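Chemist: As a plain string of letters, each chain reads:
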Amino acid sequence: MKVAIIRFPGTNCEFDTDYAFGRIGADRTIVWHKEESLPKDTDLVVLPGGFSYGDYLRSGAIARFSPIMKAVKEFGQKGGYVLGICNGFQILLESHMLPGAMMRNENLHFVSKFQYIKVLHNDNKFLSQTDEGEILNIPIAHAEGNYFVEPDKLQKMYDNHQVILQYCDAQGNYDNPNGSVDAIAGICNENKNVFGLMPHPERACEKILGSADGIKMIEGFMH
Amino acid sequence: MKAIVNIHLKPGVLDPQGKAVHHALAQLGFKGVEDVRVGKQIILILEDSLSEEEARKEVEQMCEKLLANTVIEDYSIEIEK
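Line by line, the protein sequences are chains A and B.
Counted from 1, the first sequence has number 52 at position 52 by our numbering; the numbering is strictly sequential.
Take any residue in the second sequence, count from 1 to its spot, add 1000: that is its number in our numbering.
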């Protein structure tokens, strides 16, 4: 599998992401945002975490207009797999490749900690190697992860299994670190080829560092 | 010519910053505040060759494309000669 990891000015998770996909045996290329095309035969585009353009205006609002994003959008429209992690998720929302928007965390804090999340649906490529209802332990680190979407759109997303990850505690009970509607941690688009989540699977790839649950998540793309 | 763009979260959308400011004001003894909404203001200096109407149209497009996220934000535009 060929993974293109996009780097914007201010991206800081590209090497962790590179490492994580290396662990599962993928070919990786880090692509500068000024490029206008993706590497040949790209199977998956990852927009990694960080603070693209210093989060100026709104997180992801300016990165959305980087030259490479036109190619990423076309790739996604043709059914190519796209994964946005944290700031990458924010960029996908601003690009309208995913529905909804991000706001400041409800408690106004930058939240950085391990967080349990629950798999709601695994009938998609990304989470195909996890079980429905499975609880994963994945770090979060963000100030703007308070997900919002209009109620009628949200209902459609539920009906279509697009709400795929939800924050919870170790037992799977309701927990909400940032105020997101229904404690939503991750979603996908209608065609289930564009994914976005606030937690960082690439930071949970070694048991010795606290959790290897992230491997289980990204491994889905290999199958 | 100057365009002043005011951007606020939409009425139904929870404004955590506004809530925090409201709370702080109450703690300082300002009792008469019913609600606080925090927004941002963007000031654009435009070429004078544009008519007021053209300028407004242009700035409206800027808001729709970049300056505001219309999923959660409303905006208003004032043009000053």
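Everything labelled a hint here was simulated from the structure, so no lab data went into it.
Because the structure is a prediction, the values reported are computed rather than measured.
Heads up, the beta-carbon is just placed ideally off N, CA and C, and yes, glycines get one too.
Please note that a few of the clues may not be correct.
Claimed, not checked - Pairs of lysine-lysine, PhoX-like flavour, derived with a Cα cap of 25 Å: (1) K70/A to K1065/B; (2) K1019/B to K1057/B; (3) K153/A to K1065/B; (4) K1057/B to K1081/B; (5) K1031/B to K78/A; (6) K1019/B to K1002/B; (7) K1057/B to K153/A; (8) K153/A to K40/A; (9) K78/A to K125/A; (10) K73/A to K1065/B; (11) K40/A to K113/A; (12) K156/A to K1019/B; (13) K34/A to K1065/B; (14) K1065/B to K1010/B.
To be verified - Here chain A is said to cover these stretches of chain B; the calculated rule only asks that three of the stretch's residues, wherever they fall, bring their Cβ under 8 Å from a Cβ of chain A: (15) 1001 to 1014; (16) 1069 to 1077.
Chemist: Would you mind marking each hint as holding or not holding in the structure?
Modeler: Hint-by-hint comparison with the structure:
At most 25 Å may separate the alpha-carbon atoms for a hinted pair to count; K70/A and K1065/B meet this at roughly 15 Å. This hinted pair does not check out: K1019/B and K1057/B have alpha carbons roughly 33 Å apart, beyond 25 Å. For the proposed pair K153/A and K1065/B, the alpha carbon gap of about 21 Å is at most 25 Å, so the pair holds. Restraint check for K1057/B and K1081/B: the C-alpha separation of about 15 Å stays at or below 25 Å, so the hint holds.
For the hint linking K1031/B to K78/A, the alpha-carbon distance of about 56 Å lies beyond 25 Å, and the restraint is violated. Restraint check for K1019/B and K1002/B: not satisfied, since their Cα atoms lie roughly 31 Å apart, outside the 25 Å limit. For the hint pairing K1057/B with K153/A, the CA-to-CA distance comes to about 29 Å; that exceeds 25 Å, so the pair is violated. Taking the CA atoms of K153/A and K40/A, the gap is about 35 Å. The hint is violated against a cut of 25 Å.
Taken as a hint, the K78/A and K125/A pair is honoured in the structure, with Cα atoms around 16 Å apart against an allowance of 25 Å. Between K73/A and K1065/B the alpha-carbon distance is near 16 Å, which keeps this suggested pair within the 25 Å criterion. Only pairs whose Cα atoms come within 25 Å are accepted, and K40/A paired with K113/A is rejected, the gap being roughly 37 Å. Between K156/A and K1019/B the CA atoms are separated by roughly 30 Å; this puts the pair beyond 25 Å, and the hint is violated.
For the proposed pair K34/A and K1065/B, the alpha carbon gap of about 20 Å is at most 25 Å, so the pair holds. For the proposed pair K1065/B and K1010/B, the alpha carbon gap of about 17 Å is at most 25 Å, so the pair holds. Under a criterion of three residues with beta carbons nearer than 8 Å to beta carbons of chain A, the stated coverage of the region 1001 to 1014 of chain B is upheld, 3 such residues being counted. Using a Cβ-Cβ cut-off of 8 Å, 3 residues of the region 1069 to 1077 of chain B lie near chain A, which meets the minimum of three, so the contact claim holds.
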